[in-house]
Amino acid sequence: MTKVESPRTADPDTRSLAEPVLMKTSSLPEERLEGAHVLARPEIIVCCGLVMSSGLLLLALANNNSVHGSSGYWLFWAGILLIMAPAAWRLTAAEVARSERIVLLVMEGGFLYLAKVVREPTSFTFHDEFVHWLNADNALRLGHLFAFNPLIPATARYPGLTDVTVAVARLTGLSVFSSGTIVIGVARVVLCLALFLLLDRLAGSRVAGIGATIYFANPNFLYWSAQFAYESFALPLMFFALWLALRVSADGQRAGWRLACLATISAVVVTHHVASYALALILCGWVVAAYLRQRRGNPCYVPVGLAAYAVGAAAAWLAFVAPGTSGYLSPVLLRAISAGVTLALHGNTSRQLFAGGGVVVAPKWEQGIAFAAVGLLLVGIPFGLLALRRHVQAHPLLAPLAVGCLLYGGLLPLRLTAYGQETANRSSEYVFLSLGLIDAMVMAWIVGRRPTVFRQALCAAGLVVVLLGGTAVSWAFYERLQPDFSSAGVPTQPTPATVALAWWMKTELGPGHRVGTDSVDDLALGSYGEQDPIVQTAGVPGTPHIWRVFFPTRVNAAVSAEIRADRLQYLVTQQRLTQGTAGSGGYFDVAEPSLPGDRLPQASLTKFDSAPGFSRIYDSGDLALYRIGPQP
Amino acid sequence: MSAYPPKSLRVTAALAAICAAIVLAPVPSAARLPAGLLLALVLPGYGLVCLLFPGRSLERAELVACVLGLSLVAAALGGLLLNLAPGHFGRPAWTVFLASLTLACCTGAGLRKPAPPREGLTGRADELAGVRGTLRRLRSPRNVTALLLSLAAVTITSAAMAIAVQASSAQKPPLTLWLKPLADRHVQVGVSPGVSIQTGLVLVIYEKRAKSYVPLPVLTSAHTYTKTLTVPVGTAEIVVDLEQGPRTLRHVQYWYSTTRSR
Chain A
1 MTKVESPRTA DPDTRSLAEP VLMKTSSLPE ERLEGAHVLA RPEIIVCCGL
51 VMSSGLLLLA LANNNSVHGS SGYWLFWAGI LLIMAPAAWR LTAAEVARSE
101 RIVLLVMEGG FLYLAKVVRE PTSFTFHDEF VHWLNADNAL RLGHLFAFNP
151 LIPATARYPG LTDVTVAVAR LTGLSVFSSG TIVIGVARVV LCLALFLLLD
201 RLAGSRVAGI GATIYFANPN FLYWSAQFAY ESFALPLMFF ALWLALRVSA
251 DGQRAGWRLA CLATISAVVV THHVASYALA LILCGWVVAA YLRQRRGNPC
301 YVPVGLAAYA VGAAAAWLAF VAPGTSGYLS PVLLRAISAG VTLALHGNTS
351 RQLFAGGGVV VAPKWEQGIA FAAVGLLLVG IPFGLLALRR HVQAHPLLAP
401 LAVGCLLYGG LLPLRLTAYG QETANRSSEY VFLSLGLIDA MVMAWIVGRR
451 PTVFRQALCA AGLVVVLLGG TAVSWAFYER LQPDFSSAGV PTQPTPATVA
501 LAWWMKTELG PGHRVGTDSV DDLALGSYGE QDPIVQTAGV PGTPHIWRVF
551 FPTRVNAAVS AEIRADRLQY LVTQQRLTQG TAGSGGYFDV AEPSLPGDRL
601 PQASLTKFDS APGFSRIYDS GDLALYRIGP QP
Chain B
633 MSAYPPKSLR VTAALAAICA AIVLAPVPSA ARLPAGLLLA LVLPGYGLVC
683 LLFPGRSLER AELVACVLGL SLVAAALGGL LLNLAPGHFG RPAWTVFLAS
733 LTLACCTGAG LRKPAPPREG LTGRADELAG VRGTLRRLRS PRNVTALLLS
783 LAAVTITSAA MAIAVQASSA QKPPLTLWLK PLADRHVQVG VSPGVSIQTG
833 LVLVIYEKRA KSYVPLPVLT SAHTYTKTLT VPVGTAEIVV DLEQGPRTLR
883 HVQYWYSTTR SR
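Residue numbers (my numbering), protein chains in the order written: chain A, 1 to 632; chain B, 633 to 894.
It should be emphasised that the hints constitute simulated quantities derived from the structure, not laboratory data.
Since the structure is predicted, the reported quantities are computational estimates derived from the model, not experimental observations.
Every residue gets a Cβ at the ideal spot worked out from N, C-alpha and C, and that includes glycine.
There could be a bad hint or two in this list.
Unchecked claim - With the Cβ distance kept under 8 Å, some of the chain A side facing chain B (calculated, not the full set):
#1 Val46
#2 Gly173
#3 Gly312
#4 Pro496
#5 Gly629
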């Protein structure tokens with residue numbers, strides 16, 4: 001381990017673009033705490049908190065409006081702006097105390113988490129939340145892990161989030177919903193702190209503050225990474241493990257850091273597949289870069305042990321505990337690769353940007369700001385990479401991060417394809433770590449040593465554009481707020497009627513019945529109702545095609561054959577499906593064929609009323625439950 | 633020179649024992665909630681920090697990250713250990729595991745030879761003095777203003793949450809009619825009124841060409857109406873409609889066969 005250069009040898013504000021990335025090998029705070037000489041200003045922090053809480057209030061009002069049938073669109077954007085702008089302004093400033101940057105960042109991350117909570121503060125509503133609710137409920141009811149999950153079987157083999165949620169639920173007596181909300185909230189705080197500390201070690205506190213804010217601009221941060229799901233829990237632990245690995249490299253003689261890092265890597269491995277693979281890849285990239293550096297005669301720490309452990313643990317978990325993971329992930333990846341190849345060779349785009357169900361839905365200004373955000377992020381990449389390349393003392397960890405940055409640009413075209421879009425979108429939680437660092441270095445350089453109001457405003461405005469653009473790309477605008485269930489339309493989440501049916505089935509009919517239903521209502525029936533909905537699940541051989549039961553307008557031989565093949569006991573029909581076009585997941589499964597006019601005919605659902613052998617035993621208006629019984 | 637083991641270790645160990653006792657005792661949930669949260673999300677991490685990084689203080693942000701992060705790690709991995717003991721995934725097992733982990737870490741940290749404090753860093757025992765100093769500084773007029781503004785921010789956040797909860801409670805299930813087959817030629821008909829008070833509802837029951845009317849009482853959201861019917865022998869269909877004036881609101885129907893086993 002060699003001390004290469006102390007950051008204090010130069011005034012942090014007089015560095016060139018390349019200089020922030022110094023290899024920091026000492027853990028002494030006076031060498032490391034850029035901005036420590038500036039006193040934090042609590043009155044500014046509190047004022048920012050006041051503005052952010054006002055933003056949260058606007059978001060709550062926006063949701064309230066939406067639930068009652070009026071528009072909350074502009075209130076939503078005003079709320080988001082009030083949460084994001086104060087931190088963007090302060091974090092781009094030069095003379096801000098390090099502690100102030102940390103507090104502002106945690107506040108921004110925390111309020112963005114609360115933005116998800118105020119959307120629905122009493123129950124889970126997102127797809128994966130029902131899946132993980134079932135995992136936690138199974139552990140509480142059955143007293144053990146790894147119980148079968150019919151919604152996404154692979155999730156049951158990664159019990160990290162389930163463990164912590166069950167621990168909180170058991171110790172406090174809270175429900176799974178409350179416990180899960182607290183656990184993900186705590187994980188969000190860990191994410192903000194670990195991200196800042198990680199980037200701070202690599203590039204100093206100003207770049208860390210801006211870089212973490214750019215990370216918050218990833219399209220999944222607002223809702224996806226805030227939902228009760230294993231990835232939302234694994235990402236903070238992944239960043240925490242990377243920061244601990246950096247501490248090992250800086251303070252390697254102490255076993256404590258090493259043990260903490262190994263334990264955290266283990267926790268990531270048992271929590272989420274992709275996060276554990278990403279962590280192993282980054283550590284391997286670090287090893288390769290460090291070896292290359294050593295060969296050039298620059299001795300440095302090579303995290304061989306940590307990388308080997310991460311690879312070994314992830315591989316062992318995949319082989320012995322979660323072998324179904326490869327079958328779960330590979331179809332998605334193969335489809336994305338195929339779509340990418342088709343796009344590259346033939347230029348075929350199978351998806352229209354900002355469109356839902358074949359109709360352009362996003363307002364023009366949202367499209368504009370999204371393009372502007374992507375443009376700003378892309379423009380910064382070459383400058384940041386150039387700076388890295390010119391600096392011989394760049395930390396070896398920056399090499400895999402730089403590759404991640406290039407990955408962002410490489411995956412962007414996949415958004416133009418129907419099958420590659422998911423991969424491009426989901427990768428953003430990982431590649432924005434690199435993107436945040438590289439673009440933050442450029443922004444910090446632009447602000448410079450003696451920032452004028454103009455320069456700072458320019459950077460803060462750029463940061464806000466990137467943040468708003470990320471939000472615009474994230475979810476279709478009609479899904480950002482809690483829907484009004486009294487108005488017509490294809491549901492994008494289980495309705496209160498479905499939840500009521502799920503509880504009714506559980507209490508009155510008992511658990512474990514095989515139910516055929518659509519791709520949204522199966523979430524509530526499979527989780528709260530403890531039923532066994534027949535869903536098309538990637539990676540499960542012999543997956544049924546439930547659309548064959550629902551698409552025909554008469555109960556014919558094909559319908560009866562599919563019912564027999566799937567051993568269905570009940571059918572649930574949702575009349576709202578006939579009120580619009582299907583979302584990206586289809587009406588019943590992603591593999592279903594398209595319908596004439598892209599609409600499900602009314603007769604497809606009402607055909608069971610007149611067919612013998614189908615007893616309509618539950619009716620709540622839009623929703624009906626049919627028992628498939630003995631023929632009369 | 634501060635005493636060793638530092639006060640914070642003894643405080644942490646005592647807190648772990650107290651929290652474990654509260655969690656296991658039949659106390660109101662208001663007392664169990666903070667004790668349980670401390671025991672699950674804070675104390676194991678703090679114990680591990682004391683054990684793994686002895687005799688010196690982490691910077692404040694690092695300390696918070698380590699305490700929360702290592703607590704999450706401990707619970708995530710601890711669940712796998714508890715899972716190996718069948719039937720021991722309950723509250724006592726979790727309480728004993730997390731409290732024992734904290735106590736073991738504190739004991740281990742107390743037994744270790746303290747590392748000399750590094751220049752520029754204070755011992756963990758001095759943190760309490762630092763906290764007292766911070767509290768003293770908070771009394772200055774400038775900070776009182778900041779505190780009042782913080783209070784306003786907390787109030788606004790609470791108001792936002794209250795509005796969100798109220799909006800969420802507006803989403804209630806609708807009026808529901810159901811028919812559940814029971815044993816011995818019986819079926820149960822039920823009506824759940826949903827969000828609003830329902831008046832003037834009538835059940836119309838069709839059984840083998842017979843038609844009967846059952847007027848329902850006023851149903852509030854807490855009231856579910858049920859009625860058990862006996863079906864005639866044979867194979868037939870029973871149909872129940874829920875009507876309000878001339879409108880049929882809900883419709884259920886059940887094919888039954890009392891000559892064959894169901």
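Here is what the structure says about each hint:
no. : hint   : result
1   : Val46  : 4 Å, holds
2   : Gly173 : 5 Å, holds
3   : Gly312 : 16 Å, violated
4   : Pro496 : 5 Å, holds
5   : Gly629 : 6 Å, holds
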